[in-house]
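Enquirer: Residue numbers (the working numbering), protein chains in the order written: chain A, 1 to 633; chain B, 1 to 633.
Since the hints were derived computationally from the structure, they do not count as laboratory data. Watch out, some of these pointers could steer you wrong.
Stated by the list, open to error - Footprint (simulated), chain B over chain A, 3 or more residues, beta carbon under 8 Å:
id, region
1, 133-141
2, 158-164
3, 168-176
4, 190-202
5, 309-315
6, 331-338
C-beta: ideal position from N, C-alpha, C; glycine also.
Each chain, written out:
Protein chains: 2
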Amino acid sequence: MSNNEDKTFEITFLPEEVSIKAEAGETIMEIASRGHIHINASCGGEGVCGRCQVELRSGEAEASPGLYLSEEEFKAGLRLACRAKATGPATFFIPLESRADATSFKKAAKAEENLTVEQLEPMVLQYPLDMSPPDAADNTPDLDRVTQALAAHNLSDLDVEFSAMKAMPQILRAENFSVTASVYFEPPLAEPDRIPYGRLMSFSPKSDDNAYYGLAVDVGTTSVWVRLVNLSTGEALPAIGDLNGQISHGEDVISRIVFAGKGDGLQKLQSQVTATINGLLKRLDETSPGFRDRLYLLTSAGNTTMSHLLAGIEPKNIRLSPYVPPVAVWPSVRPGLLGLDVPDHAVLKIFPSVSSYVGGDIVSGVLANGMYQRPELTLFIDVGTNGEIVIGNQDWMTCAACSAGPAFEGGGVKCGMRAAPGAIDDFHYNTEQKVNHLGIIGRGKPLGICGSGLINIVAELFRVGIVNKLGRFVENSSPYIRQGEDGAEYLLAPAAESAGDRDVVLTEIDIENLIRAKGAMFSGYQTLVEAVGLTMSDLERVIIAGGFGSSINLENAITIGLLPNLPLEKFSYIGNSSLTGATLALMSREMWRKAQYIRTMMTNFELSETPGYMDKYVASQFIPHTDSSLFGL
Amino acid sequence: MSNNEDKTFEITFLPEEVSIKAEAGETIMEIASRGHIHINASCGGEGVCGRCQVELRSGEAEASPGLYLSEEEFKAGLRLACRAKATGPATFFIPLESRADATSFKKAAKAEENLTVEQLEPMVLQYPLDMSPPDAADNTPDLDRVTQALAAHNLSDLDVEFSAMKAMPQILRAENFSVTASVYFEPPLAEPDRIPYGRLMSFSPKSDDNAYYGLAVDVGTTSVWVRLVNLSTGEALPAIGDLNGQISHGEDVISRIVFAGKGDGLQKLQSQVTATINGLLKRLDETSPGFRDRLYLLTSAGNTTMSHLLAGIEPKNIRLSPYVPPVAVWPSVRPGLLGLDVPDHAVLKIFPSVSSYVGGDIVSGVLANGMYQRPELTLFIDVGTNGEIVIGNQDWMTCAACSAGPAFEGGGVKCGMRAAPGAIDDFHYNTEQKVNHLGIIGRGKPLGICGSGLINIVAELFRVGIVNKLGRFVENSSPYIRQGEDGAEYLLAPAAESAGDRDVVLTEIDIENLIRAKGAMFSGYQTLVEAVGLTMSDLERVIIAGGFGSSINLENAITIGLLPNLPLEKFSYIGNSSLTGATLALMSREMWRKAQYIRTMMTNFELSETPGYMDKYVASQFIPHTDSSLFGL
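This is chain A alone, in the form it adopts within the complex (with noise of 0.2 Å):
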């Protein structure tokens, strides 16, 4: 029978060989996500940011060149995942730059992220109330009727949402009275035995799937990134994320602080986050419509001046002396009141930040990778320009940020650019045919050098000799070193060979810029092992989070001193953890209880003023540092 007929066929992906099973018409994306492969949609699968490109190796798809794909391109068969259509069986290949969160530990763990918790339990939860509607015999009030429909549940003394109240009457006999009720408990934090204020946040009609959302925030000084939870199952849909609509002023914090204390600064700032989130929001209702009005918590985990910014709440004091962040642990907010395009009556947890340069980014990170209850000696890192680290288990940790400089980010360095397109993020030399080979996001031609590339270039180059530990170049060693406008350099891709009109150049001076970021952290590492007396080898795990993270080659990161000198296998990649906490928050009270937990377990070091820090510093500015033995040298 024609109607019957299998009409799915498989779509295979590699390196995986994963096959799934697949309609004609849908995109390479939507089957690939169907498998738990990820692909980068930065655009949310628009077509418009050209992160999706995969290599079609059999079979055919619906597609044409397009923005991002050049003829040439498109004949060596690739496609944008987000555009091609499936239309029968074929095969794809997924390169490593094509991937949302995968890694590129050569070597090592993948990404480990948990989304699932103990027990769901948000802290908004909902409530069927079947109420008989009022006759003669019962004219008991509506709200008497709800309060004790409520008290059949075991609810009481709860507070009611002004509009809720408003629209109780019409709902209530426009849904015969059965209704669904939305009540948000408040965890109790220095009283945990305390019943909880609770509540009542809105009546809504009944629904065939029971669904409704929380909203994972994860505010970040460069992006912001987003998760949808469906809190009636606790599945998290993917996340999805865009730059922080901030950064025309200014790629760190300190800048961002010092634009807020100027003029309207503040509403800017705060206006241009929100609209970051609003945006996110209208993709959302495109995958997800009508999520929008059954959304009711949202939680948001930033470092503490992203947290203040979104807040609205004057920061200058975070950076003045002596550095008093306005607040740390957050009351719950009204997000309808910074200007998020929300129901009114949802409610905002914002994530405890320790002090002023370890925020609630790092707490929602802790929760999300577990140390805080397990027994092993953890190093927890999250590399940026601000580079965070934890160090701890299940009884003590102590944290510090440690003003690593822009190097990681591209930022410092001649050539240096984000980890987009075009840049150079893998390097090998040929020693013998003193050959370049260069891989390059997007597979173009070179543009300049990411973080990782600067990472990778330089491990390499000192591999093979051509830098010495000082993070000179060796003369004579390589046919590449020339004298420069700004001293020795290393010629990567000569103009003619560039995307850019100019050579792609390594500079000492970007050496240099490496290796005192590398040496803030590293110094940093030891700094807070020390404090407890221990040593860098009692270290029993190392775990790694942030978007550079994510494309850190293990090997060549020890090589120049970035992380410490640990067997592999002790090494993991989380991925966005501060996003993965704040999932895990939105699905728990008690996780957000334990977010509570963790800020106050945390000792803050200020490195600056931490005796013995300076020292290490200086000693940490070689290649890979000029204690050889903790790199068994």
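For this one, chain A is given, so just place chain B on it according to the hints.
Expert: For chain B alone, coordinates are given in the frame of chain A:
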């Protein structure tokens, strides 16, 4: 020494013969007020209502005739107490109609108004926070510092008002970390032992007097009264009132509900009553400058409809069968959401109501009169268009609303009018000379008959045999009986002697209306008393509340059968008990909790559905009653 010379002199007030020390330039009203002699000041003492007329009996005062006094009246000694300024010793007589809340009970109790509570513990408390400013050794975040300071007051897990958090960094530094914190506590109702939910409302600079305020509001269908209370001392300022701005949309609750159902009627009514309250707040700005920034708490008592209209909640189901008010027990409301000009952080507590027609004003009245905690069997009545009745004691209470109609307010009466200047409010008939003696509010010419006048006229005419048991004029009993266009009528004042251009008359139809109204009340008392197996003679106290109650002549009210025939010493007049109860709840969260308890104690009777009520009503349609034994006849 001339500097120490005593410049004060005495002003004496009659009929009390109270003498009060005064200085030149003080108004007579200010002086009287200091002696707790309250003179009518509807306009707030601005000389524009003319209701504070007093008679200068000896001495002098600085004054001029003005708008409300003719040259003759001025020459006769009449003065406006709010305008006349003391110049030296003088004696004033204060006529009944110029007394603010005095009683005209001629042989009964004075108004009893208890404005003190056992323990001053409002729902909002202020705490001094004396924190050490941050320094390098202690860079605790601002809000943590506040949390620690609150913990010293045994406060934990407080929610924090967003606006307080936003203003915090600035005010802490401006005040060098020594501020006052205002905290709201939500009294738990279902589980009184639960630790109350607390919210830090705001930070304020420390003040010399520590004054902070609450506002009690009585939202009546006709008029709105407010009373400002200093919550730090418990001092209650004199009440001020105004007509409810909704009055143009109907005089009774039914017509307001009907209007609310048309187009934007609900919004209009809400904004009219809030405008009335806002107007009263403006008057308080002048007498208590600066109070508004220190206003934290409002309590509001009103009938069920008025509470819904104030909150802007659709009231139509109050009057549609099966008479289900949306809300009886009100959650906290933000008064700013309703349009009241008060700080955003202020909280409004609305008194709970018992049923569609026994509202928060009656619950508040019971709180004020204390019958819920006394052993005596008490009848509490609030006479008005809707007369409410409560009968009971510390063990039980029953209540009902009687649809008395507008006769007590001067409505449905041919020459009826409000109790305003020109209204006949007292009446004597000289049987020998056959002459009418009229008592007229404002001492001018008669314009009409107010509610208390109607009672006094009918009672006197009944006593002298001009009106019979059936409420009919006895033929030839008086020369003033004649046939008018509506049937038999009694000429009180011919047009030539009246302030209007028509005869002022009392018709038989007027008497019928009065009998219907008083009968509705009386059969209500009987029904409630008999429902618990008692009789009227078991009543040990009768407490009368409401504006109308202040001018009732007890003997006359008993004569016509409006009040039960009990010894006069059992009666007391309690003034605006709705406002008094709201005042007590401002001062004490325990009193607020008691209001909720009172509400649950009260069993509501729908009289029209109570067996026997109609029979009693029919039997009451006589003067005083068909069962004369009830009145000792």
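Enquirer: State for each hint whether it applies.
Expert: Structure-based check of all given hints:
Counting residues of the region 133-141 of chain A whose C-beta sits closer than 8 Å to any C-beta of chain B gives 7, which meets the bar of three, so the coverage hint holds. Residues of the region 158-164 of chain A with a Cβ under 8 Å from some Cβ of chain B number 3, which satisfies the need for three, so the listed coverage holds. Chain B is given as covering the region 168-176 of chain A, and this holds because 3 residues of the stretch bring a CB closer than 8 Å to a CB of that chain, at least three being needed. Beta-carbon proximity to chain B at under 8 Å applies to 5 residues in the region 190-202 of chain A; the threshold of 3 is reached and the given coverage holds.
For the region 309-315 of chain A, the assignment as covered by chain B holds, since 4 residues bring a beta-carbon within under 8 Å of that chain's beta-carbons and 3 suffice. Here the region 331-338 of chain A counts 5 residues with a CB under 8 Å from a CB of chain B, which clears the bar of 3, and the coverage holds.
Hint compliance for this structure: no hint is broken.
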